[in-house]
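2 protein chains.
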Amino acid sequence: MKRVTIKDVANATGLSIATISYVLNGKGNIPEETRQIVNDAVQKLGYIPDYSARSLVSRKSNLIGVVIPQAEPGSTLMFQNPFYSEILSSIEYTARKNGYHVMISGTNADEKYLKLAQQRNLDGIIIIGMYSHESYADLTKANIPLVLVDSYVDDHHFHTIKINDRYGGYIATRYLIEHGHRKIAFLSGALRESSVNRQRLAGYYDALKEYGIPIRKDYVLTDQINFHAGMHLAQIVKNSTDVSAVFCTADVLALGVIKELNKNERVVPGQISVMGFDNLEIAEFCVPGLTTVGQDIYQKGKTAVELVLNHIKNPNIGKQEISLPVSIVERESVRTIS
Amino acid sequence: MKRVTIKDVANATGLSIATISYVLNGKGNIPEETRQIVNDAVQKLGYIPDYSARSLVSRKSNLIGVVIPQAEPGSTLMFQNPFYSEILSSIEYTARKNGYHVMISGTNADEKYLKLAQQRNLDGIIIIGMYSHESYADLTKANIPLVLVDSYVDDHHFHTIKINDRYGGYIATRYLIEHGHRKIAFLSGALRESSVNRQRLAGYYDALKEYGIPIRKDYVLTDQINFHAGMHLAQIVKNSTDVSAVFCTADVLALGVIKELNKNERVVPGQISVMGFDNLEIAEFCVPGLTTVGQDIYQKGKTAVELVLNHIKNPNIGKQEISLPVSIVERESVRTIS
Chain W
1 MKRVTIKDVA NATGLSIATI SYVLNGKGNI PEETRQIVND AVQKLGYIPD
51 YSARSLVSRK SNLIGVVIPQ AEPGSTLMFQ NPFYSEILSS IEYTARKNGY
101 HVMISGTNAD EKYLKLAQQR NLDGIIIIGM YSHESYADLT KANIPLVLVD
151 SYVDDHHFHT IKINDRYGGY IATRYLIEHG HRKIAFLSGA LRESSVNRQR
201 LAGYYDALKE YGIPIRKDYV LTDQINFHAG MHLAQIVKNS TDVSAVFCTA
251 DVLALGVIKE LNKNERVVPG QISVMGFDNL EIAEFCVPGL TTVGQDIYQK
301 GKTAVELVLN HIKNPNIGKQ EISLPVSIVE RESVRTIS
Chain C
1001 MKRVTIKDVA NATGLSIATI SYVLNGKGNI PEETRQIVND AVQKLGYIPD
1051 YSARSLVSRK SNLIGVVIPQ AEPGSTLMFQ NPFYSEILSS IEYTARKNGY
1101 HVMISGTNAD EKYLKLAQQR NLDGIIIIGM YSHESYADLT KANIPLVLVD
1151 SYVDDHHFHT IKINDRYGGY IATRYLIEHG HRKIAFLSGA LRESSVNRQR
1201 LAGYYDALKE YGIPIRKDYV LTDQINFHAG MHLAQIVKNS TDVSAVFCTA
1251 DVLALGVIKE LNKNERVVPG QISVMGFDNL EIAEFCVPGL TTVGQDIYQK
1301 GKTAVELVLN HIKNPNIGKQ EISLPVSIVE RESVRTIS
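Which chain is which? The protein sequence lines are W and C, in order. Residue numbering for the first sequence follows my numbering, starting at 1 and increasing by one per position. Residue numbering for the second sequence follows my numbering, starting at 1001 and increasing by one per position.
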């Protein structure tokens, strides 16, 4: 089936391609009568306007780029952590309901991505969870809405959506202290500047200080953020510390910890209590159910898209910063000790 | 920063836009000297060709559409099942390494999506796990490479990539029988025509027949495919049947079953054995580790993209059908009984 082109519409109506393009894009001062002729021909011939043509005229693509970090260079998307798929679901859904589509890339938000954004006339870019400012400073040249999810980079070119990570770290640690724990390990991914982990660590320190519990550097352990890293950190906890509780800055870490500790006998929560962070769906379905710091991942993704759309509607809008609340979700992985 | 356009290149060189477009797209019979002039000007001005312009000329977009089913109309992507995020990772990665990008849509592959595919000049479409033929018969009009993942629809317009689902159902059931089980329930999502579940059920029957075990319709239970459904089915298994083992056609179902059965005491695998299907990453990290039918989800996604790319390179290629192997992954959720 040969595709109907704008040229066919021109031939059928005797009008110029430019005129038809104006009508289709709602531009120019075209008489109503002419508009009617064009619209009738479009209908009759079954012409479907091409995004490419519209994009050339309008510099718009109705396409939002979503950048998801790679676990390591050249690796696949960081989908080992269901957090990314949960937020991506919400981004795609919200975009679609508003007439936009989503192009995903598991890449760095660098100069190369800037070029891609320009080539594709992206209408906005959402960057999930990266850390160094240098890595996406180039993008500010794109002159389109840019949204950072879960980053503490302070740059007026970027809107940000995040949660109160420091408070999350604080209430997680306070919860453990209030359940009788004083020897509490902090298990985390890398503590890079501008990262959520750095903030959660600050919250952990806040709670320890408030309750007069000395900070111990050997209780702060870091690795990557995945199940295997959790298992590895659990071995260190078991063999080299005397802690009664661990606070993990990601549920996937916590699940790895529980797997390792409960391999042969149920150590969690009887001997060691485990607190997570994220409240992934799996946190409810693992055994024991994971007590964790809950954040609204769906709302986070939805808001990221809304920040892009608001900026498109109001090009002169200033930097928007949104922070969503966190709260403890109680399940079975923390025990009260005396 | 104003963006450099093809017009600027034309002004700088004194050549027509058409000539420059020909050079950039490697088309037409343009003298080498002229090509050199164009390429020098492009370099010097920092002109970045626009995908929209290229797409208008070539009817190509370097964009592959991926359709992911919705759990229910108007709902979010079906990301509750990590299977979708794992395969999407692999699709995005393989596409990117080959110079393509991925546009995801949580929608039906219907007439509306056909229109979208034409508007965007998609170079190919990958449809993951839908069932009824009617729902995507419209797409055959798109005249671009179409790949079905995990569908038994038989239509020469579609390439297919799947696993041997019937054999998977057979070896899962045989494994349980060989471990002493004769009262085995089959827990599954909907058993629609052309679905993988229907095939896995056939494999379950194959094994029962081979070992002379009577088929019992009350042992075949269906619901949706998610954690909650698994918990719900587990209640039926516990209260209304006398089975010693259950075979679940998805790991997420199996995890829900284990959660429900092990809520108060460890019933799995002591009293009831559980077999899954998929070998999701979480199958290794849940407690007890899930014995399951392993499939190579990464390879499945990679192959789906390769089928699109092969078709683009060889437009007259016939229908390609690829089936990947399955095998049992032994962990701790199945017990031997006598």
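Everything labelled a hint here was simulated from the structure, so no lab data went into it. Given the structure is predicted, the values throughout are model-derived calculations rather than measurements. All C-beta atoms in this analysis are idealised placements derived from N, C-alpha and C, irrespective of residue type, glycine included. Any given hint could turn out to be false.
As a list, the in silico DSS-like pairs of lysine-lysine whose alpha-carbon atoms are at most 30 angstroms apart [as the list claims (entries may be wrong)]:
1) C:Lys1313 with W:Lys112
2) W:Lys141 with C:Lys1007
3) C:Lys1162 with C:Lys1209
4) W:Lys7 with C:Lys1112
5) W:Lys263 with W:Lys217
Chain W stretches covered by chain C per the calculated footprint, using a threshold of three residues with CB under 8 angstroms from any CB of chain C [to be verified]:
6) 103-116
7) 245-259
So, going through the hints one by one against the coordinates:
no.: 1; hint: C:Lys1313 with W:Lys112; result: 26 angstroms, holds
no.: 2; hint: W:Lys141 with C:Lys1007; result: 21 angstroms, holds
no.: 3; hint: C:Lys1162 with C:Lys1209; result: 25 angstroms, holds
no.: 4; hint: W:Lys7 with C:Lys1112; result: 23 angstroms, holds
no.: 5; hint: W:Lys263 with W:Lys217; result: 27 angstroms, holds
no.: 6; hint: 103-116; result: holds (count 7)
no.: 7; hint: 245-259; result: holds (count 4)
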